[in-house]
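Novice: Listed below, chain by chain, are the residues.
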Amino acid sequence: AQKITQTQPGMFVQEKEAVTLDCTYDTSDPSYGLFWYKQPSSGEMIFLIYQGSYDQQNATEGRYSLNFQKARKSANLVISASQLGDSAMYFCAMREVPSGGSYIPTFGRGTSLIVHP
Amino acid sequence: NAGVTQTPKFRILKIGQSMTLQCTQDMNHNYMYWYRQDPGMGLKLIYYSVGAGITDKGEVPNGYNVSRSTTEDFPLRLELAAPSQTSVYFCASSYSFLAGGNEQFFGPGTRLTVL
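Each protein sequence line maps, in turn, to chains S and L.
Residue numbering for the first sequence follows the numbering used here, beginning at 18 and increasing consecutively.
Residue numbering for the second sequence follows the numbering used here, beginning at 27 and increasing consecutively.
None of these hints come from the bench; they were simulated from the model.
Hints are not guaranteed to be accurate.
[Unchecked claim] Computed list of lysine to any residue pairs in SDA-like fashion (alpha-carbon distance at most 20 Å, straight line):
1) S:Lys33 - S:Pro57
2) S:Lys20 - L:Gly66
3) L:Lys70 - S:Thr41
[As the list claims (entries may be wrong)] A partial selection of chain L residues facing chain S, derived with a Cβ cut-off under 7 Å:
4) Gly42
5) Glu129
6) Phe132
7) Gly135
From the three backbone atoms N, C-alpha and C, an ideal C-beta is built for every residue, glycine too.
Just chain S, with the same shape it has in the complex (with noise of 0.2 Å):
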């Protein structure tokens, strides 16, 4: 089974417009850490948002928010006010606190945004 499942291949969205990327999780360990990465065309992995299992509230970074609903197992990526320069792939990622055993931190396959004028 799918540790990270991202549902969405593509998203479209309106400049100025404000859109959710979807992304559950599986996991049996109570400490864990998600993360969203950006990897624009270029190609580079770029880092936007942490939530760790055992914050409080949700995690928010500028334009960036993470409604993370932990009885779901959900970390959705909300981005707000969308920019051109959004337009890129998102990954979700999770890194599990290893408790014996290898550490394998685990990415989705990706959502693609673009962003239109």
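Chain S is already provided as a structure; the job is to place chain L on it using the hints.
Specialist: Only chain L this time, still in chain S's reference frame:
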């Protein structure tokens, strides 16, 4: 700080050839990682290291080897290149995977084609 640097940026190999992808970080991070990204896919972990002299396999280690003789360097070795190893390779580093919020810093990637 240069961050994470990778060389080369592009490389074409013939089947059966070998090569080493170089990765260096100047942030004094203990943890380093090698990923591959196939077209339209997310990242898959090849190998990782928690410090000099310590490496471990990730999800897709077959066909690759690594070493970590210093904190700064984490080269990835491809032996007997195969077309299935055509991919973009990313090196990354982080302070710790046990502490919260410590994101990975990525290099610019190496685009490898095996013909």
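Novice: Hints numbered earlier in the text: which of these fail when held up against the supplied structure?
Specialist: The structure breaks only hint 4.
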